[in-house]
Amino acid sequence: MGDVLAATDVRAYYRTRFGGQIRAVDGVSFALAEGEVLGIAGESGCGKSTLARALAGLFEPPLYRAGGRVSVEGEDLYEMDAGRLRSEVLGRKVSYIPQSAMNALNPTRRISRFVQDVMRTHYRAMSRADILARARERLRALSLPERVLEAYPFALSGGMQQRAVILVSTLLNPTVLIADEPTSALDVSTQKALVAMLKDLLQRKIARSLIFITHDIVTLRHICDRIAVMYAGELVELGTTDQVIFDPLHPYTRALVGAVLVPEPGMRGRKLGTIPGAPPDLGDLPPGCRFAPRCTEHDEECRARHGELRLVRGRLVRCARLGDAAKEEARCE
Amino acid sequence: MRLDHVTRTFGSGRGKVVAVEGVCMELPRDTIASIVGESGSGKTTLARMMLGLLRPTSGVVLYEGVDISTHDARRRRDYWRSVQGIFQDPYSSFNQFFRVGRILDDAFNLWPAQPPRKERQERVAAALDTVNLKASEVLGRYPFELSGGQGQRLMIARAFLIKPAVLIADEPTSMIDACSRASILEALMRLRQEQGTSILFVTHDMGLAYYVSETLYIMSQGRIVESGPAGQVMESPQHPYTQRLLADVPRLHQAWL
Chain C
1 MGDVLAATDV
11 RAYYRTRFGG
21 QIRAVDGVSF
31 ALAEGEVLGI
41 AGESGCGKST
51 LARALAGLFE
61 PPLYRAGGRV
71 SVEGEDLYEM
81 DAGRLRSEVL
91 GRKVSYIPQS
101 AMNALNPTRR
111 ISRFVQDVMR
121 THYRAMSRAD
131 ILARARERLR
141 ALSLPERVLE
151 AYPFALSGGM
161 QQRAVILVST
171 LLNPTVLIAD
181 EPTSALDVST
191 QKALVAMLKD
201 LLQRKIARSL
211 IFITHDIVTL
221 RHICDRIAVM
231 YAGELVELGT
241 TDQVIFDPLH
251 PYTRALVGAV
261 LVPEPGMRGR
271 KLGTIPGAPP
281 DLGDLPPGCR
291 FAPRCTEHDE
301 ECRARHGELR
311 LVRGRLVRCA
321 RLGDAAKEEA
331 RCE
Chain L
334 MRLDHVTRTF
344 GSGRGKVVAV
354 EGVCMELPRD
364 TIASIVGESG
374 SGKTTLARMM
384 LGLLRPTSGV
394 VLYEGVDIST
404 HDARRRRDYW
414 RSVQGIFQDP
424 YSSFNQFFRV
434 GRILDDAFNL
444 WPAQPPRKER
454 QERVAAALDT
464 VNLKASEVLG
474 RYPFELSGGQ
484 GQRLMIARAF
494 LIKPAVLIAD
504 EPTSMIDACS
514 RASILEALMR
524 LRQEQGTSIL
534 FVTHDMGLAY
544 YVSETLYIMS
554 QGRIVESGPA
564 GQVMESPQHP
574 YTQRLLADVP
584 RLHQAWL
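For the protein sequence lines, the chains are C and L, in the order given. For the first sequence, my numbering assigns the number 1 to the initial residue and increments by one for each residue that follows. For the second sequence, my numbering assigns the number 334 to the initial residue and increments by one for each residue that follows.
Derived by calculation from the structure, the hints in this document are not laboratory data.
Simulated DEER-style distance windows between Cβ atoms:
(1) L/Gly373 x C/Pro145: 14 to 22 Å
(2) L/His572 x C/Gln21: 51 to 59 Å
(3) L/Arg435 x C/Lys271: 34 to 42 Å
(4) L/Gln526 x C/Leu311: 39 to 47 Å
(5) L/Tyr475 x C/Lys205: 48 to 56 Å
(6) L/Tyr475 x C/Gly20: 17 to 25 Å
(7) L/Pro562 x C/Gly74: 53 to 61 Å
(8) L/Gly373 x C/Ala82: 37 to 45 Å
Treat the numbers as computed from the prediction; the structure is a model and nothing was measured. Ideal placement from N, C-alpha and C gives every residue a C-beta, glycine not left out.
Okay, chain L solo, but in the shape it has when bound (with noise of 0.2 Å):
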């Protein structure tokens, strides 16, 4: 996946703001990246954009050298199937009206042919497994009902389900307990080991980022200020705006104020 000089715009006249501004990164197969900024940085409309679901309004998302914005139904469909994102809030990002069973069954209409009823189920069942859910607790309840950290552990176990090229996850473990992000995680990181999936965190914790990815962009104000190898920016940090975020991040063995 390639990013060229994407840049989006909100309103227009005075009240024109710049979300996203000439960004280009590249996403390569098999990697872990994350993009990393504080609230307001333009972070989540940059993974909207990757996403499909929000056009740029200068610069193009490329997919295997295909322009993603020239896609039709058909090939969206087919997009969607090979890019997958997990939201930062479980409770927009399912329709209310269904429950859980029917919400991840609808998983498989990505697929031109359904498989067989049984091996849905079977493939369901094994994939809230991986998240530390217990089928026979969410399958029968609606979104609504779930808590914070659950509704995110849904959405990771739809993307274990449709198994993408690239999974983009905003934000993917803010509901949830330290110990419980732990485990996720590793079910993450087996989703790359297992099929090379590329993921690419959109998050504002630099020690998250930190921890699982090889490659980080640090946002601020719609542009990528810094990128490189996560060891490498975290060790020297060149952007005043990285060397700032740096210092406001408690640690465990430094003193913070």
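Only chain C is shown next, with the shape it has when bound in the complex (with noise of 0.2 Å):
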């Protein structure tokens, strides 16, 4: 199957008020397939909503495109003028689920209002009726209840309004799918359904990939085919998600990894993964490995050379030690 979406070497800064920049997304590059799930894990201030925000060409000032390229089904968005992108990519072909959305839908509008508005974007001519039957054919395809249409907002539960959001948001069947913490502010029975309409939507290819954005890990561990690890605004390890969860390769997706707090057994009494320090400022990044300032392995070669993403074990990992030891692996073969 071929890539619905390619970024290459995407950037996207933010302009501050002294003439500096914050590089939030700093030069990444990925390629999701058709029916792919990726999920991209960081903590907060690693760029990854910046990310999602890049991928969909929502720059608004402060912030800007300071390079690269997406392309969604070989268009290219970035050379695409605002109108066309407005009316013939976003909620077609991309479809954007911010953080919080579900706090941001009008409390003084029912949920019918939200689907009409979408539907008329794109296609002006479609008359209320049919609208309404086909958000009611989607809501019984994915097993919700009809009443949904006719609430208000604050009648919905905090779950049923993020379900409603994504439903709004796939209305035209989107190639892509970018969700932002979309399980974030619920409760783990509410995160559940919510992960499984997710799947639903895949298996029914209302959405024919998607790319879910996370801290936790653990949710990742269910949904994704491929997870990307993002640390300061770069990419530090992207790898199947067997790869990162279970051997992950990179000093920082490992101590992610094991700050992971489940209720397993051989849990309790568990040494917990801490990283000392804080991620450098986005303003102003040292020159070598970004990592490098908090990593208990780091050398004084890391402190003077960026490393490059590179080919280690199966995935790509940003580390310049793990490119030695691969050598010394090979040797040892």
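With the hints in hand, could you dock these two chains into one complex?
Next comes the structure, spelled out in structure tokens:
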């Protein structure tokens, strides 16, 4: 299957008041295949939400595009004019659900109104009855109650609000659905229902591929095909879910996975992964490896040289020291 | 600390909501326990009553055998020196008009006599250090200039300053990333080891509760539906609610959906 989305060296920076720049997304490249679920993991401030906006072509000042390319089904989003991006790409090809989108639902309007807004933007001629019929059909397909349409947002629980948001944003069967922390404000049971709904959307090919952004590695384990780990604006590891979670290579990924708390036997008394210090200032990045100041295994060379993503044991990792280990491995073989 | 049939209702008539109903529990010295429940289960209301911020509609909260609702102003201050809270939302917990330095310094008002200025400053710096905050970075800032995680760590630093006998932590790490969460939990464990502080976590996070606590209380719709040693509750949950809750928690090594 071909790639539906390709990001090449995407750079999205914020301009600061004093002429500086915050390099929130600094050279991210990856490809998303048809039907694939890609997780983007990382801690707050690593640039994952900015990456989501950049992938949807949503640059609003102070955020600006500092380079790179995003193409969806072969079409370059950044070459397009804003009007076409809005009418033909957003919602239809790329659907972006921002963080806590459910809190952005206007409380004075019923859910059906949001449904109409979306449909009318793209199909001017469609009648109200047709639109509602289509929405009802979709609700039935996803086994959600039809009363949601006639409800006001505040009458719905947080989980149902979030599901309504996903319903509205997938009405036009987007090629890529980008969901930013869709489960983070929800209870475990609602989280489970939401993840199940997303999987259902993919199975029914309503959304053809998914980018799932979260800090919660455990949730990613259950929905993703591949996971990209982000640190200080760049990807530090990109591999299959099993590679990243059960055999992490980058020291940052290892700490991230080691800090997971799950109610499983053997968890108690286990030492949790901790990282000393704080992430670097994205306006004033160190010249070498961005993780080196907090890395327990770094040496002089790490601080001086900024490494590239390289293929190590079947996945991409950005760590100069691992490269050496891989070479040694090869020598042993 | 002991709770005896504590009930709290809000509103009246048809709109009456029973947030907490007939809760009995005990928090002995030098223990770590957790109240686990989903949102709306009444766990925060319960924590607020234990801190004396909300009066129970019926039932009593006893600390060292004394009903805390009978405290006068002076006794209340003494109570808050022994029982401290860490709240979910740091932004609504600090006075927005004071800088962090002043907020932390105000903690010393809980004592009848304050230590000299120099000692206060040293203790503030040490407390900030334990939660990985740099004194030079935060002391001059206002609470709204901090990130959510920094705010939560600031509250934990305040707890370190006061060194209470009981700490009630309501979702203390909800805004903190996994890696710094581990170091916060370590700091809280150290507080317990050094001071014998009892800690009560109020959380929806089963993994966290299981990792830190000796005793678990599972709360649903205002009632404690199950309680017992953490291992026992986790391995053989008896109540259907606990069973469902555990089944819904994603794990690393088991299928979820």
